[in-house]
Amino acid sequence: MRDELWVAEVGEGNARWLATESRTARLASEYRPRDLGGGRIEYGHHALDAARELGEEEDGYLTDDADGLRVWIGEDAFELEQTR
Numbered sequence: 002m003r004d005e006l007w008v009a010e011v012g013e014g015n016a017r018w019l020a021t022e023s024r025t026a027r028l029a030s031e032y033r034p035r036d037l038g039g040g041r042i043e044y045g046h047h048a049l050d051a052a053r054e055l056g057e058e059e060d061g062y063l064t065d066d067a068d069g070l071r072v073w074i075g076e077d078a079f080e081l082e083q084t085r
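Taking this note's numbering, the leading residue of the sequence shown gets 2, the next gets one more, and so forth.
Please keep in mind that the hints were generated in silico from the structure rather than gathered at the bench.
Derived Cβ-Cβ restraints for the label pairs, each shown as a range:
1) GLY39 / GLN83: 14 to 24 Å
2) SER30 / ALA67: 31 to 41 Å
3) ARG71 / GLU13: 16 to 26 Å
4) GLU13 / GLU76: 13 to 23 Å
5) THR64 / GLY12: 12 to 22 Å
These numbers were taken from a predicted model, which means no experiment stands behind them. Virtual Cβ for every residue (Gly too), placed ideally from N, Cα, C.
Please model the complete structure; the sequences and the hints are all you need to start from.
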C-alpha cells in the first residue's frame with residue numbers, strides 16, 4: 002500500500018509544528034508529514050514509517066493499537082484516518 006494517505010485533525014499550531022519543527026520534518030520530503038492547512042496533517046507511507054521510529058518521549062510519535070492509528074503531541078492523541 003505504497004500510495005496510502007492518512008490525515009488527522011491536530012489543530013493549526015500542531016500541524017505547522019509537525020511539518021516544520023518535528024524530528025521527521027528534517028528528513029527528505031517523502032518522509033515528512035505535510036501540513037494541509039486548517040489544522041490537518043497528512044502522512045504518506047514513508048512519513049508513517051519515519052514517525053514510527055520516534056520514541057514515546059518525542060512529540061509526533063505514532064501508536065497503532067485497538068484504539069486505531071494515532072499521532073501524539075504531548076498528552077494528546079489525534080486519530081489518523083486513511084483517505085486513500
